[in-house]
Every structure is written in C-alpha cells, then in structure tokens.
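Residue numbers (the working numbering): 1 to 114.
Note that these hints are calculated values from the structure, not bench results.
Incorrect hints may have been included.
To be verified - No more than 20 Å apart at the CA atoms, straight line, and that leaves these computed lysine to aspartate or glutamate pairs for EDC-like:
#1 K102 to E68
#2 K93 to D72
#3 K77 to E42
#4 K67 to E46
#5 K93 to D13
#6 K77 to E10
#7 K93 to E42
#8 K67 to D51
#9 K22 to E103
#10 K93 to E10
#11 K67 to D13
#12 K22 to D51
#13 K102 to E42
#14 K67 to E10
#15 K77 to D13
Said to hold, decoys possible - Ranges between beta-carbon positions, derived for each pair:
#16 T9 to G38: 32 to 40 Å
#17 F14 to R35: 23 to 31 Å
#18 E46 to T109: 35 to 43 Å
#19 K93 to I33: 32 to 40 Å
#20 K67 to P21: 18 to 26 Å
#21 Y96 to A57: 16 to 24 Å
#22 G66 to E10: 26 to 34 Å
#23 S95 to Q26: 33 to 41 Å
#24 P21 to S95: 21 to 29 Å
#25 S95 to F14: 19 to 27 Å
#26 T24 to E68: 21 to 29 Å
#27 P27 to R90: 33 to 41 Å
#28 F91 to A30: 36 to 44 Å
Glycine included, C-beta positions come from ideal geometry on N, C-alpha and C.
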Amino acid sequence: MEHAKYTVTEGADFSCGWTNPKGTPQPIPAGGIMRSTGYTHEGPCEMWVADTQVYQADNCHVSLPGKEYPIDYSPCKGNCVLYWYWLGVRFLKNSYSWQVYKECIPLTTNSTTK
C-alpha cells in the first residue's frame, strides 16, 4: 500500500494507531480472553501474539459477534506484543469505504508489571 494514499488520523501512529508497543506491559487477561468494543463493520481481522498468528477471519463482524472472545496467548514467553488488525468495510452513499484499525499491546506473563 502506498503511504501517500493512506491518511493516518492526526496524533495516531502508522503502525500501531493510538497504542505504544513499548509501553508498560499488561498482564495476559484471565482465561485467555480478549476484549474489544465489538466489530461494528464487516471486514477481516487478525491477531498476532509474539509474531505468531493466533486468529484470522475474513469477516470478524460475523465470526466474533460479542465483545469478549478467547485467543491463544501461549506464544508469549515473558514479555511480548499482541498485534490486532481490523479492516472495517462498509457501503455508504453508493460506494465502499474502509477504515483500518490497529492496536499493538505490550503483554507480560509475569504476575506483576514494573
């Protein structure tokens, strides 16, 4: 994708949106649950933990109807990053539009964070 054709919202980072992968690592959620605001648009999503793809769907609006769902955090050994990507697509005013959502969340398997 050409960067010139992809406008990032002011204040957001091209790679990680509003998140900072170098921020304070958060503990892995109990029960291996991931929580989001839900998928309000049709479109594909992917989740990666420590460079291992742990989830992928062509339409996360259909495959993940709730706001909480389990994912595999086992690739995380010590500290790692959860990468979440979603391409929200919708038909509006006789044409398709899309939005890219990205999150890069630092995680830790330790029970305490620094």
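Quick rundown of the hints versus the structure:
Only pairs whose Cα atoms come within 20 Å are accepted, and K102 paired with E68 is accepted, the gap being roughly 17 Å. Restraint check for K93 and D72: not satisfied, since their Cα atoms lie roughly 39 Å apart, outside the 20 Å limit. A hinted pair counts as satisfied when its Cα atoms are at most 20 Å apart, and K77 with E42 does not qualify at roughly 33 Å. Restraint check: the Cα-Cα separation between K67 and E46 comes to about 15 Å, which is no more than 20 Å; the hinted pair holds.
This hinted pair does not check out: K93 and D13 have alpha carbons roughly 29 Å apart, beyond 20 Å. Of the pairs offered as hints, the one joining K77 and E10 is violated, with about 34 Å between alpha carbons and a cut-off of 20 Å exceeded. Restraint check for K93 and E42: the C-alpha separation of about 16 Å stays at or below 20 Å, so the hint holds. Simply put, K67 and D51 have alpha-carbon atoms about 24 Å apart, too far for the 20 Å limit, and the pair is violated.
Annotation: proposed proximity of K22 to E103 holds, straight-line Cα distance about 12 Å (limit 20 Å). Restraint check: the Cα-Cα separation between K93 and E10 comes to about 25 Å, which exceeds 20 Å; the hinted pair is violated. Of the pairs offered as hints, the one joining K67 and D13 is violated, with about 24 Å between alpha carbons and a cut-off of 20 Å exceeded. Taking the CA atoms of K22 and D51, the gap is near 15 Å; set against the 20 Å cutoff, the hint holds.
For the suggested pair K102 and E42, the alpha carbons sit about 16 Å apart, so the restraint of at most 20 Å is met. Between K67 and E10 the alpha-carbon distance is near 27 Å, which puts this suggested pair outside the 20 Å criterion. Taking the CA atoms of K77 and D13, the gap is about 26 Å. The hint is violated against a cut of 20 Å. Remark: the range hint 32 to 40 Å for T9 to G38 is contradicted by a beta-carbon distance near 20 Å.
The hinted window of 23 to 31 Å between F14 and R35 holds, with their beta carbons roughly 25 Å apart. About 22 Å separates the C-beta atoms of E46 and T109, a value inconsistent with the hinted range of 35 to 43 Å. Take K93 and I33: their Cβ atoms lie about 37 Å apart, and the range 32 to 40 Å holds. A hinted range of 18 to 26 Å holds for the C-beta pair K67 and P21, which are about 23 Å apart.
Range check, Y96 to A57: about 19 Å between beta-carbon atoms, so the 16 to 24 Å window is met. As the Cβ distance of G66 to E10 is approximately 32 Å, the hint placing it in 26 to 34 Å holds. A C-beta distance of roughly 39 Å is found between S95 and Q26, which places it inside the suggested range of 33 to 41 Å. Judged by the Cβ atoms, the range 21 to 29 Å given for P21 and S95 is violated: they are separated by roughly 34 Å.
At roughly 25 Å, the beta-carbon separation of S95 and F14 lies within the given 19 to 27 Å, and the hint holds. Range check, T24 to E68: Cβ separation about 23 Å, and the 21 to 29 Å hint holds. Distance hint check for P27 and R90: the Cβ-Cβ separation is about 35 Å, which falls inside the suggested range of 33 to 41 Å. The supplied range of 36 to 44 Å is met by F91 and A30, whose beta-carbon atoms lie about 38 Å from each other.
In summary, the structure is inconsistent with hints 2, 3, 5, 6, 8, 10, 11, 14, 15, 16, 18 and 24 from the numbered list given earlier, while agreeing with the others.
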